[in-house]
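Line by line, the protein sequences give chains A and B.
All letters in the first sequence, in the order written, are residues 1 to 97 by the numbering used here.
All letters in the second sequence, in the order written, are residues 98 to 315 by the numbering used here.
Please note that a few of the clues may not be correct.
Selected chain B positions facing chain A (in silico; Cβ < 10 Å) [what the hints assert, rightly or not]: (1) Asn131; (2) Gly167; (3) Ser292; (4) Ser307.
With a cut-off of at most 27 Å between alpha-carbon atoms, the simulated DSSO-like pairs for lysine-lysine come out as follows [to be verified]: (5) A:Lys16 <-> B:Lys266; (6) A:Lys82 <-> A:Lys16; (7) B:Lys168 <-> A:Lys82; (8) A:Lys9 <-> B:Lys245; (9) B:Lys168 <-> A:Lys19; (10) B:Lys168 <-> B:Lys221; (11) B:Lys266 <-> B:Lys245; (12) B:Lys253 <-> B:Lys168.
If you are wondering where the hints come from, they were derived from the structure by calculation, not from laboratory data.
Note that CB positions come from ideal geometry on N, CA and C, so glycine has one too.
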Amino acid sequence: MHVLEHAFKADFSFVKAWKGDTAGNLIFKGTARNFNPNMCGAATITVAEVEELVPAGTLDPNQIHIPGIFVQRIFQGAHYEKRIEQQTTRTRNHGPR
Amino acid sequence: MGLDKYQIAQRIAQEVKDGYYVNLGIGIPTLVANFVREDIDVEFQSENGILGMGPFPFEGEQDADLINAGKQTITALPGAAFFDSAMSFSMIRGRHVDLTILGAMEVAQNGDIANWKIPGKMVKGMGGAMDLVASAERIIVAMTHTNKAGDSKLLKACSLPLTGVGCVKKIVTDLAVLEIRDNVFHLLERAPGVSVAEIQAATQGELVVSGTIPEMTL
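Chain A extracted, bound-state conformation (with noise of 0.2 Å):
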């Protein structure tokens, strides 16, 4: 038994990069790459934002995730404010409990 079901097509992408560069190429960091590489060319335009727009040449294309063919518009963002939804620590003498 199988489902199948079929991919469908946006016209905008909006993800969010940790660096990019003027080419189009992501790196993304840490968990935040999650859903962002596989929405980079499920759109006809792709809109990401990136923390730091370097020229292109740069990034080493070893370490590139998304290939700037799939990106339509960059640019970096500013006054970050990284808001985190669950903060869970642990303290440094004794385990979470």
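Go by the hints and put chain B onto chain A.
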């Protein structure tokens, strides 16, 4: 009396074996990581895209770009890897994850599990649970034996929308360790101080009790 949530996690940790890749669900399952023996090598996977998940960060070291599938801040251990959702579910559907530990609202004696939706109540979706229960070689359910209203969560048949069909083999509750075999619950262990009669009374599904049931050791 029964176990508290930390003790349930502690008992489940005994099921984690050397070399396992383990996916932990939200809630009690997350606590299991704290009780796994330190002399064995286990890697935790979180389906939002990390293998090699470590404990919660120390206060002040939280990173907004480093969370688990339950949106909690975590750490990455040496040797950890990040990946996107497609690769994460390739890992899961490709049966590379050895053990899935997850919570449940209902489990039926045929191994059906319901853990994502109460009709009429708004939920964001079932997340990775459907893929996890359909694919993992071993699935352990961590839950309380009864719900807040006192009704049994171990049933003849689930009443809530299912997450998976016939997939649960083992359940650890505040009262007992149970196994599902031949479409019935088998009682394996009792929580310290809990009688077989109390477990029987809290179990709506068919429960097989054979021989003397030992108390679990924590």
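| field | Restraint status (C-alpha distance of Lys168 (chain B) to Lys82 (chain A) at most 27 Å) | value | Status holds; Cα separation ~14 Å.
| query | Taking only the CA atoms, is the gap from Lys82 (chain A) to Lys16 (chain A) under or equal to 27 Å? | reply | holds, 12 Å
| request: Below or equal to 27 Å on CA atoms is what counts here, so check Lys168 (chain B) against Lys221 (chain B). | output: Between Lys168 (chain B) and Lys221 (chain B) the Cα gap is close to 13 Å, so the pair holds against 27 Å.
| said: Against the 27 Å threshold, does the CA-CA distance of Lys253 (chain B) and Lys168 (chain B) hold or violate the hint? | reply: The given pair, whose Cα atoms are some 34 Å apart, is violated under the 27 Å limit.
| task | Compare the distance between the alpha carbons of Lys9 (chain A) and Lys245 (chain B) with 27 Å, and conclude whether the hinted pair is satisfied. | result | violated, 43 Å
| Any CB of chain A closer than 10 Å to the CB of Gly167 (chain B)? | Holds: closest Cβ of chain A sits about 7 Å from Gly167 (chain B), inside 10 Å.
| query | Does Lys168 (chain B) pair with Lys19 (chain A) here, judged by a C-alpha cut-off of 27 Å? | reply | holds, 22 Å
| said: Restraint: Ser307 (chain B) near chain A, CB-CB cut 10 Å. Satisfied or not? | reply: This hint is violated: Ser307 (chain B) lies away from chain A, its Cβ roughly 34 Å from the closest one there, beyond 10 Å.
| said: For Lys16 (chain A) and Lys266 (chain B), compute the direct alpha-carbon distance and say whether it is at most 27 Å. | reply: Status violated; Cα separation ~40 Å.
| task | Sort out whether Lys245 (chain B) lies within 27 Å of Lys266 (chain B), counting only the CA atoms. | result | holds, 24 Å
| request: Grab the minimum C-beta distance from Asn131 (chain B) to chain A and call the hint holds if it beats 10 Å, violated otherwise. | output: holds, 5 Å
| message | Tell me if the interface restraint on Ser292 (chain B) is satisfied: Cβ within less than 10 Å of some Cβ in chain A. | response | Ser292 (chain B) check fails; min Cβ-Cβ to chain A is 28 Å, beyond 10 Å.
Checked against the numbered hints above, the structure violates hints 3, 4, 5, 8 and 12; every other hint is satisfied.
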